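Numbering (the numbering used here), first residue to last: -17 to 48.
It cannot be assumed that every hint is accurate.
Subject to a maximum C-alpha distance of 30 Å in a straight line, what follows is the list of computed BS3-like cross-link-like pairs (lysine-lysine) [to be verified]: (1) K46 <-> K(-12); (2) K48 <-> K21; (3) K21 <-> K(-12); (4) K29 <-> K46.
Keep in mind the hints are simulated off the structure, nothing from the lab. Predicted model only: the values in this text are computed from it and were never measured.
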Amino acid sequence: MSVNGKFKDFSRQDFLDVADRFGIGEARSIIYNVEESIKAWPSFANKAEINQQVADEISQNHLKLK
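My request is simple: use the sequences and hints to build the entire structure.
So, in structure tokens, the structure goes:
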């Protein structure tokens, strides 16, 4: 997947540029909600009784924006 012509090292601005291009006015709140959900992943995984090793592997695959 590419975002704003990039295939890795996406930034928040890359997503906002694409959102502006396609008229997605609520992009900032969407990005914020996704970031908050990613931060809460350990709690979600614990509540779902996901094996800690699996939860850690999934967490390592979460891309965090710069």
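Evaluated hints:
Of the pairs offered as hints, the one joining K46 and K(-12) holds, with about 15 Å between alpha carbons and a cut-off of 30 Å not exceeded. A C-alpha spacing of about 14 Å is found between K48 and K21, which places the hinted pair at or below 30 Å, so the restraint holds. Restraint check for K21 and K(-12): the C-alpha separation of about 24 Å stays at or below 30 Å, so the hint holds. In summary, the hint linking K29 to K46 is supported, as the alpha carbons are separated by about 22 Å, within the 30 Å threshold.
Of the numbered hints stated above, none is contradicted by the structure.
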